[in-house]
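A.B. asks: The primary structure of each chain is shown beneath.
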Amino acid sequence: MLRYFALTTNSFNIMSRKPPFLFLIASLSLLTGCESKPQFEVYSVSKEYAQDERHKEVHQEKIYNVSDNALVGFQTPSHWEETAPGAMQLRVFKIREGSANAEFSVSAFAGNVGGLLANINRWRQQINLPPIPENEITEYTKDYKTDNYTFKLVRLWGEEDDSPSISVAMVHNKNQTWFFKLQGPRHLVKNERNAFIQLIKSLQLP
Amino acid sequence: MRLLSFLSSIRLTLALLSLSMILVFFGTLDQVDWGIHEVQERYFQSWIALWRYPHYLPYGITLRKIPLIIPGGYTLGLLLLLNLICAHIKHFKWGLPRLGINILHLGLILLIISGFSTSLFQEESQMWLTLNKDKNYSENFLQNELAITKLGEDSTDIVTVIPFKNLTGSRDLNLDHIGISIETLEKCENATIGTLKSENQDNKDLLPKATQGVGKRMNLVIQEKPKTYKEDEINTATALIKLKNHEGDIGSWIVSNVLDERFPPQQFKNNGNAHTLALRFKRTYFPFSLQLVHFKKEFYPGTETPKSFESRVQITENGSRRLFTISMNQPLRYKGYTFYQASYSNDDEQSMLQVVKNPGWPLPYLSVGMVTLGLIGHFCIRISKMSTKGKR
Chain E
1 MLRYFALTTN SFNIMSRKPP FLFLIASLSL LTGCESKPQF EVYSVSKEYA QDERHKEVHQ
61 EKIYNVSDNA LVGFQTPSHW EETAPGAMQL RVFKIREGSA NAEFSVSAFA GNVGGLLANI
121 NRWRQQINLP PIPENEITEY TKDYKTDNYT FKLVRLWGEE DDSPSISVAM VHNKNQTWFF
181 KLQGPRHLVK NERNAFIQLI KSLQLP
Chain B
1001 MRLLSFLSSI RLTLALLSLS MILVFFGTLD QVDWGIHEVQ ERYFQSWIAL WRYPHYLPYG
1061 ITLRKIPLII PGGYTLGLLL LLNLICAHIK HFKWGLPRLG INILHLGLIL LIISGFSTSL
1121 FQEESQMWLT LNKDKNYSEN FLQNELAITK LGEDSTDIVT VIPFKNLTGS RDLNLDHIGI
1181 SIETLEKCEN ATIGTLKSEN QDNKDLLPKA TQGVGKRMNL VIQEKPKTYK EDEINTATAL
1241 IKLKNHEGDI GSWIVSNVLD ERFPPQQFKN NGNAHTLALR FKRTYFPFSL QLVHFKKEFY
1301 PGTETPKSFE SRVQITENGS RRLFTISMNQ PLRYKGYTFY QASYSNDDEQ SMLQVVKNPG
1361 WPLPYLSVGM VTLGLIGHFC IRISKMSTKG KR
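Protein sequences, first through last, are from chains E and B.
Under the numbering used here, the first residue of the first sequence carries the number 1, and numbering increases by one thereafter.
Under the numbering used here, the first residue of the second sequence carries the number 1001, and numbering increases by one thereafter.
A hint or two may mislead.
[To be verified] Here are the simulated BS3-like pairs of lysine-lysine, each with C-alpha atoms no more than 27 Å apart in a straight line:
(1) Lys1065(B) <-> Lys1090(B)
(2) Lys1335(B) <-> Lys47(E)
(3) Lys94(E) <-> Lys142(E)
(4) Lys1135(B) <-> Lys1297(B)
(5) Lys47(E) <-> Lys1133(B)
(6) Lys47(E) <-> Lys1225(B)
(7) Lys1357(B) <-> Lys47(E)
(8) Lys47(E) <-> Lys1135(B)
(9) Lys1150(B) <-> Lys47(E)
(10) Lys1209(B) <-> Lys1230(B)
[To be verified] Non-contacting residues of chain E with respect to chain B, defined by C-beta distances greater than 12 Å in every case (computed):
(11) Gly73
(12) Trp80
(13) Glu97
(14) Leu117
(15) Pro131
(16) Glu136
(17) Glu159
(18) Asp161
(19) Gln198
None of these hints come from the bench; they were simulated from the model.
Note that CB positions come from ideal geometry on N, CA and C, so glycine has one too.
Only chain E is shown next, with the shape it has when bound in the complex:
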């Protein structure tokens, strides 16, 4: 690994002074750690170490609080109330209608995150629906084009009006898959469909 440093002071000037002065500087440097620090450092690294940074999403719950939330730009209806995101989430909104509650969340992951079928079955499991085979995917999904992106919309409805249901918009953008997920009782998720579509139309990803 190639390394070199740019120093803030010229070491050779100091070397030309009297030895006692040099000794004094050396002693003080040892005691205080105030030796000349490089302003910058240059090195070469191998390209082969491109990393899986999934820990950042887990870490982000602790690290970033709400500071990077606004990096995802979109418009939300005024009755959606933003709350602190949990693990793996970038933004979260609560939607209340009477005693019913729904949640809208945004998350992003590197790659294709296991593929469409795995994600659909994971969401189905979350609302107590059985998994589906690959040939049934089209029954629950459709493509939706906006001015900027093409989304894959996934709609999973529960059997009853108040059964848990999920509506997801997925979009692949620069090696990342973004998920916009609305989850709650079926009647509330259906009522918020227009707001959901308006939101993804206004979306601006980094």
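Given chain E's structure and the hints, the job is docking chain B onto it.
C.D. replies: Same frame as chain E, now just chain B:
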């Protein structure tokens, strides 16, 4: 001679030890507000520490204007070292009866020196490892650096890293080897980054200022906020920087540690070469790589409290591979680095190691060994003397 008497006196020892207790007491009080790392710097890695009366207690606003000045860890350590050396010089005697005491004192002197050595030279960082993936660097989540990577056509990239603290508005930083200079327009230790809001369109301070990259694309605005010292939070270090080459301005970018690998890299071109620009956690690269081969954890029966967890790692260096196990109390020492098992996540697919580089790591062991040896030696000599006297 009077100075030697003063420096070698037991009164000075007692005074310094009392001040050390006071320092620890007030440092512990401030740890509530400042967190362990900040207190370590302000109290124990400084010459003078200032304690201020808490503002939330009665008369807090008035009383906190007058700080309590306490000698810092460096001052006390240095004076204790001088005290011990002077006492040794003044009272030193050769001979078997004093052998134990002399070894003990030398051990204590070495212990204080090792404290200075650790404080000055120890580097700590964290390393997240993913199952079956190689990694050759660790990150320090408390420090940030601006990294400008010149993307090479072959298998390597040239990276220029500038510590975040060196980004100052006072003067441009010249990077002659890649033909650019950096002007820091704004710098925040902690910030909120948001898109421009309609109600702020008339506020000049809250208008987007970046002319390139994600800042321009998303109309991002930086708002400074107070630095956090909480153990479970990390400051969003952010800066607005302007890059220039010999022809003039290239543009200005928002860089922030929040714009990490989850976001597409910010790029620019200079002299036909592609570069990326990122503010990231400070990295330490190793001359070898680690790969997580297996991760195992055990819980106490019926609970979710971890009993033990361990990582099986493979180290690859110059083509040769070796396997090691790192568990909670069994770190791996390799090429001057010590890797401790620290955490895990993502269904056992990722493991975090705490990485410590301390060139003086044998010193505390050596000094404690000497102190033990000195105490045992002194004890044996005294017993032997007493038994000889008893026989007489």
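A.B. asks: Work down the list of hints and note, for each, if the structure agrees.
C.D. replies: Status of the hints after comparison with the structure:
Distance check on the hinted pair: Lys1065(B) and Lys1090(B) sit about 44 Å apart at the alpha-carbon level, beyond 27 Å; violated. In summary, the hint linking Lys1335(B) to Lys47(E) is supported, as the alpha carbons are separated by about 23 Å, within the 27 Å threshold. For the hint pairing Lys94(E) with Lys142(E), the CA-to-CA distance comes to about 26 Å; that is within 27 Å, so the pair holds. Under the criterion of a C-alpha separation no larger than 27 Å, the hint pairing Lys1135(B) with Lys1297(B) is consistent with the structure, at around 22 Å.
Note on Lys47(E) and Lys1133(B): the hinted pairing holds, with a Cα-Cα distance of about 14 Å set against a maximum of 27 Å. Between Lys47(E) and Lys1225(B) the alpha-carbon distance is near 36 Å, which puts this suggested pair outside the 27 Å criterion. With a C-alpha separation of about 25 Å, the suggested pairing of Lys1357(B) with Lys47(E) holds against the 27 Å cut-off. A threshold of 27 Å between alpha carbons decides the hint, and for Lys47(E) with Lys1135(B) the separation of about 11 Å falls inside it, so the pair holds.
With a C-alpha separation of about 11 Å, the suggested pair Lys1150(B) and Lys47(E) falls inside the 27 Å cut-off, and the hint holds. Taking the CA atoms of Lys1209(B) and Lys1230(B), the gap is about 30 Å. The hint is violated against a cut of 27 Å. A beta-carbon of chain B comes within 12 Å of the beta-carbon of Gly73(E); the shortest separation is about 5 Å. Listed as a non-interface residue, Trp80(E) keeps its Cβ farther than 12 Å from every Cβ of chain B; the least gap is roughly 16 Å.
The beta carbon of Glu97(E) is kept farther than 12 Å from every beta carbon of chain B, the shortest such distance being approximately 27 Å. With a least CB separation of 19 Å from chain B, Leu117(E) remains clear of the 12 Å interface cut-off, as annotated. Every C-beta of chain B lies more than 12 Å from that of Pro131(E), the closest at about 19 Å, which supports listing it as non-interface. With 12 Å as the threshold on Cβ separation, the claim that Glu136(E) sits away from chain B holds: the shortest Cβ distance comes to roughly 27 Å.
The Cβ of Glu159(E) lies farther than 12 Å from every Cβ of chain B, with a closest approach of about 31 Å, so its non-interface assignment holds. Every C-beta of chain B lies more than 12 Å from that of Asp161(E), the closest at about 35 Å, which supports listing it as non-interface. Chain B leaves Gln198(E) outside its interface by the beta-carbon criterion, the shortest separation being 17 Å against a cut-off of 12 Å.
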